[in-house]
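Build out the structure end to end from the sequences listed, making use of the hints.
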Amino acid sequence: MASNLLVNIAWTHVTTRVRQTLVGMAGVAMGVGFTIMMAGLMEGSQIDFLHQLVDAMPHVTIQSDRRTAAPQAADREYGAVQMSGVANVNNRPGIKYPESVMASVRSWLPGDVAPSVKTTAIIDHGGRIGVTLVGIDPKQEIKVSKLASQMREGQINDLLRASNAVIIGQALAEKLAVKTGNAVTLIGGQGTQVSSSVAGIFRSGLKRVDEGQVYALIGTAQVMMGQSGVINELRLRLNDPLDAETIAKQVEGQTGYKSVSWQEANSDLLSSFAVRDFIVLTVMGAMLLTSSFATYNIISTITNEKRQDIAIMKSLGMRETAVRRIFIMEAAIIGVVGIIFGWAIGYALCYSWSQITIYNTLTGTNVPISIYYTPTHYLVAGGISLLCCTGAAFFPARKATRVHPVEIIRGAS
Amino acid sequence: MSEIALQAVGLVRRIEGAVSHTLVNGIDLAVNKGEFVAITGPSGSGKSSLLYLLGLLDAPSDGEVIICGQPTSKLSEDDRANVRLTKCGFVFQFHFLLPEFTSLDNVLLPMRAAGLMSEKDMQERGLELLASLGLKDHANKRPNQLSGGQRQRVAIARALSNRPEIIVADEPTGALDTSSTEQVFGILREIADQGRTVVVVTHDPALAARADRRLHIVDGKIAQTFEGKGSAPEAAVAAATDH
Chain A
1 MASNLLVNIA
11 WTHVTTRVRQ
21 TLVGMAGVAM
31 GVGFTIMMAG
41 LMEGSQIDFL
51 HQLVDAMPHV
61 TIQSDRRTAA
71 PQAADREYGA
81 VQMSGVANVN
91 NRPGIKYPES
101 VMASVRSWLP
111 GDVAPSVKTT
121 AIIDHGGRIG
131 VTLVGIDPKQ
141 EIKVSKLASQ
151 MREGQINDLL
161 RASNAVIIGQ
171 ALAEKLAVKT
181 GNAVTLIGGQ
191 GTQVSSSVAG
201 IFRSGLKRVD
211 EGQVYALIGT
221 AQVMMGQSGV
231 INELRLRLND
241 PLDAETIAKQ
251 VEGQTGYKSV
261 SWQEANSDLL
271 SSFAVRDFIV
281 LTVMGAMLLT
291 SSFATYNIIS
301 TITNEKRQDI
311 AIMKSLGMRE
321 TAVRRIFIME
331 AAIIGVVGII
341 FGWAIGYALC
351 YSWSQITIYN
361 TLTGTNVPIS
371 IYYTPTHYLV
381 AGGISLLCCT
391 GAAFFPARKA
401 TRVHPVEIIR
411 GAS
Chain B
1 MSEIALQAVG
11 LVRRIEGAVS
21 HTLVNGIDLA
31 VNKGEFVAIT
41 GPSGSGKSSL
51 LYLLGLLDAP
61 SDGEVIICGQ
71 PTSKLSEDDR
81 ANVRLTKCGF
91 VFQFHFLLPE
101 FTSLDNVLLP
111 MRAAGLMSEK
121 DMQERGLELL
131 ASLGLKDHAN
141 KRPNQLSGGQ
151 RQRVAIARAL
161 SNRPEIIVAD
171 EPTGALDTSS
181 TEQVFGILRE
191 IADQGRTVVV
201 VTHDPALAAR
211 ADRRLHIVDG
221 KIAQTFEGKG
231 SAPEAAVAAA
241 TDH
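From first to last, the protein sequence lines are chains A and B.
Be aware that the first sequence starts at 1, since it is given in the numbering used here, and climbs by one per residue.
Be aware that the second sequence starts at 1, since it is given in the numbering used here, and climbs by one per residue.
Worth flagging that the hints you see were computed from the coordinates, not collected in a lab.
Heads up, the beta-carbon is just placed ideally off N, CA and C, and yes, glycines get one too.
Hints are not guaranteed to be accurate.
[Unchecked claim] Label pairs and their computed distance ranges (CB to CB): (1) A/23 to B/124: 48 to 58 Å; (2) A/407 to B/136: 34 to 44 Å; (3) B/140 to A/7: 42 to 52 Å; (4) A/286 to B/131: 54 to 64 Å; (5) A/23 to B/182: 43 to 53 Å; (6) A/407 to B/64: 15 to 25 Å; (7) B/178 to A/407: 42 to 52 Å; (8) A/23 to B/178: 42 to 52 Å; (9) A/289 to B/62: 46 to 56 Å; (10) B/71 to A/7: 52 to 62 Å; (11) A/7 to B/116: 13 to 23 Å.
[What the hints assert, rightly or not] Which residues of chain A face chain B? A few of them, derived with a C-beta cut under 7 Å, are: (12) 193; (13) 194; (14) 253; (15) 319.
This is how it looks when you write it as structure tokens:
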């Protein structure tokens, strides 16, 4: 059956019912447009958040502990004998021979690695607040973190200028009412107290980091921990943050130390994203499906009105499948034109949203709403919509084309 | 010996249900190539049902329809559609033209569906057919811009477009005025004279009288057969006019 003929009939049907056709197209266009807008908004905010997250923390952290407890000497000696009441031997905390580990990892790593000491402390400036104290080497730190670019006051190298200097988050500084140059006291877990001064203030954009993380030199952190010379974390920055999971596994296999990718460290957050994605996809699917109901209505109406024409076309020798294809093509025409308008509406909505700025209480600035533009959103929304439209047309078309021509011809005669 | 274009063997059409009806009851019939056959009979006698069976629009409950030597009872629905498309042309009481299309597009419809010619050849043939039926100036008009007789002539042109062996017409003048009726009669007669087989169901005794053979159907059976043009006996005329 010549497809030109079917297209011609389908086109004639939709163009002679301008109002109905426009309503159907508007339904599809709205569904596609709002779906693209939602997808752009949701993915934009998600990507924006992930960028902040990835920038604010190491891509992979090699920790001094292991995923499973190291076998104890007694187990190694007497593996077949069950023993009770034998205390585990406590090893010295930290990573053994950190320089060697770093050198060996650096030899193949697509990125860089820097040592650090992570401990807990209390910062005292009138009020006391518990913080995570991260001891860093500023020269190496700039290779593995964005701390240097996150500095709002002072510079990362200012840590080297004063004894026991610290860099604190902006939110913490506001809580403690401290400014650059102010003196604070650091209290370690074992009661060690050191006088310190604020060398700078940073803002990462992540509340938990800006409120609870303090940077100092490695030596200061070791003093607070009461372990001289210890390095308990190696911080890795990768050329491609998305390789973090693979590289973490590789590093763990090589060194035996627990290596945590940023994805693993934020797995709860990422799983909540997965749930959010599922909800968003469901809502978008429902929007597209609902918009296809207009097409269903139109095709139902046309097939009802065209029962006689269907009977005639069949009586002339057109096959049932060919006649059915006419109505599916009509839905496809409505769908395709609706989708093209929907793309334009979607782009316009995304652009409008991106012009709106909202006040970020953490950063204290007006930031534009993040929109993610990708052809994938347009293609997926269009594809699903087209599928819904043709699917919606299939059932009324099938019902109508099953009609026996004689019944209609007799009825009309 | 004449070549048989259309043959029915023991044709039965039964409607099954709470009350069963037999519309066509064991009809045997052979129509020669180029023969003009008129089927007459009172309302409800089964003449249209017989025509639909002969034109493969309906499937028999029993028996066989043979078109140009091809048995059709075992054909699939698609194959039956293909036979209708290429070997049969239909003219109904109402024109049944597609209202959104021009006369020419309606005529081109079966040719485009068959796809056996180039678009240029189809256009030429379509215009030629319309011209031969006196519709040259109406090719680009839609059905609602034509008179009843003109519409029916477009329907005849459409039926002829694929050069079918057989034309089946179900009361083609039933909705026409006298002058249009006369025109349509003449055209159908001419089609038969040109060598095509024409089977017409009619209530019109004048049209029946122009046929080469008249079959009078009563209760789904052929009650009488009259051979020869212009020799419709009074009984047949009376029966044909018995609405």
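Original post:
Under the criterion of a CB-CB separation shorter than 7 Å, is residue 193 of chain A in contact with chain B as hinted?
Top reply: The hint is violated - residue 193 of chain A has no Cβ within 7 Å of chain B, the shortest such distance being about 92 Å.
Original post:
Minimum Cβ distance from residue 319 of chain A to chain B below 7 Å?
Top reply: Holds, about 5 Å.
Original post:
Given a hinted range of 13 to 23 Å, is it respected by the beta-carbon distance of residue 7 of chain A and residue 116 of chain B?
Top reply: Hint holds: Cβ distance 19 Å, inside 13 to 23 Å.
Original post:
Using the C-beta atoms of residue 407 of chain A and residue 64 of chain B, is the stated range 15 to 25 Å upheld?
Top reply: holds (23 Å)
Original post:
Can the suggested window of 46 to 56 Å be confirmed for the beta-carbon pair residue 289 of chain A and residue 62 of chain B?
Top reply: holds (48 Å)
Original post:
Does the hinted range 43 to 53 Å hold for residue 23 of chain A and residue 182 of chain B at CB?
Top reply: Between residue 23 of chain A and residue 182 of chain B, where Cβ atoms are some 48 Å apart, the hint holds.
Subject >> Distance restraint hint 52 to 62 Å, applied to the beta-carbon atoms of residue 71 of chain B and residue 7 of chain A >> reply: Given range 52 to 62 Å: violated, Cβ gap about 35 Å.
Original post:
Is it true that residue 178 of chain B and residue 407 of chain A lie within 42 to 52 Å of each other by Cβ?
Top reply: violated (31 Å)
Subject >> Interface hint for residue 194 of chain A, Cβ within 7 Å of any Cβ on chain B >> reply: Not OK, violated: residue 194 of chain A not within 7 Å of chain B, min 90 Å.
Subject >> Restraint satisfaction for residue 253 of chain A [CB to CB of chain B, less than 7 Å] >> reply: Result: violated, 63 Å to nearest chain B Cβ.
**OP:** Take the C-beta atom of residue 140 of chain B and the C-beta atom of residue 7 of chain A, compute their distance, and say whether it sits inside 42 to 52 Å.
**Re:** violated (20 Å)
Original post:
Falls inside 34 to 44 Å, the C-beta gap from residue 407 of chain A to residue 136 of chain B?
Top reply: Since residue 407 of chain A and residue 136 of chain B have Cβ atoms about 36 Å apart, the given range 34 to 44 Å holds.
Hint violations for this structure: numbers 1, 3, 7, 10, 12, 13 and 14, all remaining hints satisfied.
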